[in-house]
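Peer 1: Listed below, chain by chain, are the residues.
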Amino acid sequence: GAVVSQHPSWVICKSGTSVKIECRSLDFQATTMFWYRQFPKQSLMLMATSNEGSKATYEQGVEKDKFLINHASLTLSTLTVTSAHPEDSSFYICSAQSGTVTQPQHFGDGTRLSIL
Amino acid sequence: TQLLEQSPQFLSIQEGENLTVYCNSSSVFSSLQWYRQEPGEGPVLLVTVVTGGEVKKLKRLTFQFGDARKDSSLHITAAQPGDTGLYLCAAHEGAGSYQLTFGKGTKLSVIP
Numbered sequence: 001g002a003v004v005s006q007h008p009s010w011v012i013c014k015s016g017t018s019v020k021i022e023c024r025s026l027d028f029q030a031t032t033m034f035w036y037r038q039f040p041k042q043s044l045m046l047m048a049t050s051n052e053g054s055k056a057t058y059e060q061g062v063e064k065d066k067f068l069i070n071h072a073s074l075t076l077s078t079l080t081v082t083s084a085h086p087e088d089s090s091f092y093i094c095s096a097q098s099g100t101v102t103q104p105q106h107f108g109d110g111t112r113l114s115i116l
Numbered sequence: 117t118q119l120l121e122q123s124p125q126f127l128s129i130q131e132g133e134n135l136t137v138y139c140n141s142s143s144v145f146s147s148l149q150w151y152r153q154e155p156g157e158g159p160v161l162l163v164t165v166v167t168g169g170e171v172k173k174l175k176r177l178t179f180q181f182g183d184a185r186k187d188s189s190l191h192i193t194a195a196q197p198g199d200t201g202l203y204l205c206a207a208h209e210g211a212g213s214y215q216l217t218f219g220k221g222t223k224l225s226v227i228p
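Residue numbers (my numbering), protein chains in the order written: chain Y, 1 to 116; chain D, 117 to 228.
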């Protein structure tokens with residue numbers, strides 16, 4: 001089956017640090033990638049949608065200057081949390097999709113981000 | 117935004133028992149998906165239901181899509197400890213939309 005790799009799986013850093021999270025589709029080309037955030041005991045909330053080679057579309061309330069998304073190739077998207085603060089601590093999950101909307105999204109295993 | 121309401125929010129049962137969890141909305145969906153998520157991992161797709169009234173079976177799991185395509189249920193027969201996890205339903209926001217909206221999930225614990 002389709003595999004999506006997310007790295008790192010866990011990161012702890014000091015407040016003010018910028019953190020980059022990678023999402024790779026290993027065995028298929030992902031025309032669209034999605035970034036979600038999940039707080040404890042809550043569901044996944046979509047942050048942004050990115051298509052290869054174009055700017056990401058952010059959901060309402062998500063600061064695009066704080067959460068920088070780059071989708072430079074059909075197999076890689078990155079999310080950079082700039083100047084992270086404790087309130088940015090969360091579980092970040094990416095998913096990747098190839099082709100049309102009828103194709104399923106394949107999820108990575110998530111990145112646990114803890115800001116001290 | 118289409119709201120997906122899942123119930124119950126938490127469920128703790130003994131191994132061997134049967135259970136049903138629900139996903140309801142006031143909106144009509146072209147399709148609906150069920151995922152299972154374990155702690156510290158991403159969600160894994162279990163099934164996609166498309167046709168109103170559709171029933172799909174995956175071993176001990178039975179998924180049903182409501183006739184009006186507004187609701188769905190997941191029934192687990194003879195639950196096992198390995199079924200423990202967060203069960204999420206999700207649907208696309210509007211026809212042709214790539215974006216998935218997730219319910220808040222049902223956290224299932226199966227006690228040996």
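Note that these hints are calculated values from the structure, not bench results. Take the hints with a grain of salt, since some may be wrong.
Calculated from the model, a selection of chain Y residues having no Cβ within reach of chain D, i.e. all distances over 12 Å [as the list claims (entries may be wrong)]:
hint, residue
1, Ala2
2, Val4
3, Gln29
4, Tyr36
5, Gln38
6, Lys41
7, Thr49
8, Lys66
9, Leu74
10, Arg112
11, Ile115
12, Leu116
Result set (EDC-like, lysine to aspartate or glutamate): computed pairs, CA atoms no more than 16 Å apart in a straight line [what the hints assert, rightly or not]:
hint, chain 1, residue 1, chain 2, residue 2
13, Y, Lys55, Y, Asp65
14, D, Lys223, D, Glu170
15, Y, Lys14, Y, Asp109
16, Y, Lys41, D, Glu121
17, Y, Lys41, D, Glu154
18, Y, Lys41, D, Glu157
19, Y, Lys14, Y, Glu87
Just so you know, even glycine gets a beta-carbon here, dropped at the ideal spot from N, CA and C.
Peer 1: Against each hint, give a clear statement of whether it holds in the structure.
Peer 2: Evaluated hints:
| no. | hint | in the structure |
| --- | --- | --- |
| 1 | Ala2 | 10 Å, violated |
| 2 | Val4 | 8 Å, violated |
| 3 | Gln29 | 15 Å, holds |
| 4 | Tyr36 | 8 Å, violated |
| 5 | Gln38 | 9 Å, violated |
| 6 | Lys41 | 8 Å, violated |
| 7 | Thr49 | 6 Å, violated |
| 8 | Lys66 | 20 Å, holds |
| 9 | Leu74 | 15 Å, holds |
| 10 | Arg112 | 7 Å, violated |
| 11 | Ile115 | 18 Å, holds |
| 12 | Leu116 | 19 Å, holds |
| 13 | Y/Lys55 to Y/Asp65 | 12 Å, holds |
| 14 | D/Lys223 to D/Glu170 | 24 Å, violated |
| 15 | Y/Lys14 to Y/Asp109 | 23 Å, violated |
| 16 | Y/Lys41 to D/Glu121 | 15 Å, holds |
| 17 | Y/Lys41 to D/Glu154 | 12 Å, holds |
| 18 | Y/Lys41 to D/Glu157 | 14 Å, holds |
| 19 | Y/Lys14 to Y/Glu87 | 12 Å, holds |
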